[in-house]
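Numbering (full-length UniProt numbering), first residue to last: 1 to 138.
Read the hints as simulated data drawn from the structure, not as lab findings.
A hint or two may mislead.
Taking CB as the label site, the calculated pair distances span [what the hints assert, rightly or not]:
#1 54 / 135: 15 to 23 angstroms
#2 48 / 105: 12 to 20 angstroms
#3 127 / 50: 28 to 36 angstroms
#4 54 / 92: 39 to 47 angstroms
#5 90 / 41: 17 to 25 angstroms
#6 127 / 87: 13 to 21 angstroms
Here are the simulated EDC-like cross-link-like pairs (lysine to aspartate or glutamate), alpha carbons at most 20 angstroms apart as the crow flies [to be verified]:
#7 73 / 93
#8 73 / 48
#9 73 / 116
#10 73 / 132
Here the structure is a predicted model, which means the values were calculated and not measured.
For glycine and all other residues, C-beta sits at the position ideal for the given N, C-alpha and C.
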Amino acid sequence: MESVVVEANGKELLEQLRPLETPGENSGTEVPPEWMSFVWPYISALGERVRLMLNPDHPYNFDYSPEWKGLNKDMMASEAARRLTFQNWPHMEYRWALPYQMAEAGFYHQPNSAGDDRVLCFSCFVCLVCWEPSDEPW
Numbered sequence: 001m002e003s004v005v006v007e008a009n010g011k012e013l014l015e016q017l018r019p020l021e022t023p024g025e026n027s028g029t030e031v032p033p034e035w036m037s038f039v040w041p042y043i044s045a046l047g048e049r050v051r052l053m054l055n056p057d058h059p060y061n062f063d064y065s066p067e068w069k070g071l072n073k074d075m076m077a078s079e080a081a082r083r084l085t086f087q088n089w090p091h092m093e094y095r096w097a098l099p100y101q102m103a104e105a106g107f108y109h110q111p112n113s114a115g116d117d118r119v120l121c122f123s124c125f126v127c128l129v130c131w132e133p134s135d136e137p138w
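Construct all of the structure, not just a fragment, from the sequences and the given hints.
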């Protein structure tokens with residue numbers, strides 16, 4: 001298998017994108033104005049596609065195992081990465097707790113001894129277990 005490394009100079013990229021920002025808008029937040037640009041969602045989506053193109057079988061370089069001690073939780077900010085964690089989800093027959101719905105709601109599957117249906121929220125790390133057929137992720 002051949003590896004490909006893609007390097008990007010963030011500062012240079014920001015300088016190139018600066019003219020694309022909406023001029024004169026100040027949201028009053030502490031977020032730098034260059035991160036408020038409308039192009040960032042497109043750049044993020046492009047990064048996801050490149051990741052999937054380069055390694056379609058393991059785009060996030062993690063393998064499923066019940067004791068995911070080495071899982072990089074920062075990767076779980078990606079909905080696509082969260083969806084991949086549900087490959088052994090025990091409740092595929094539950095109407096409201098299907099993998100795409102769970103990932104969309106921000107959860108990723110991380111089973112442990114407390115329950116093989118344990119999920120965590122990537123944002124607040126709330127942990128939910130013992131899912132029932134009528135439970136919804138939202």
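Point to revise | In rising order, the numbers of the hints this structure does not comply with | key: 1, 4, 5, 7, 10
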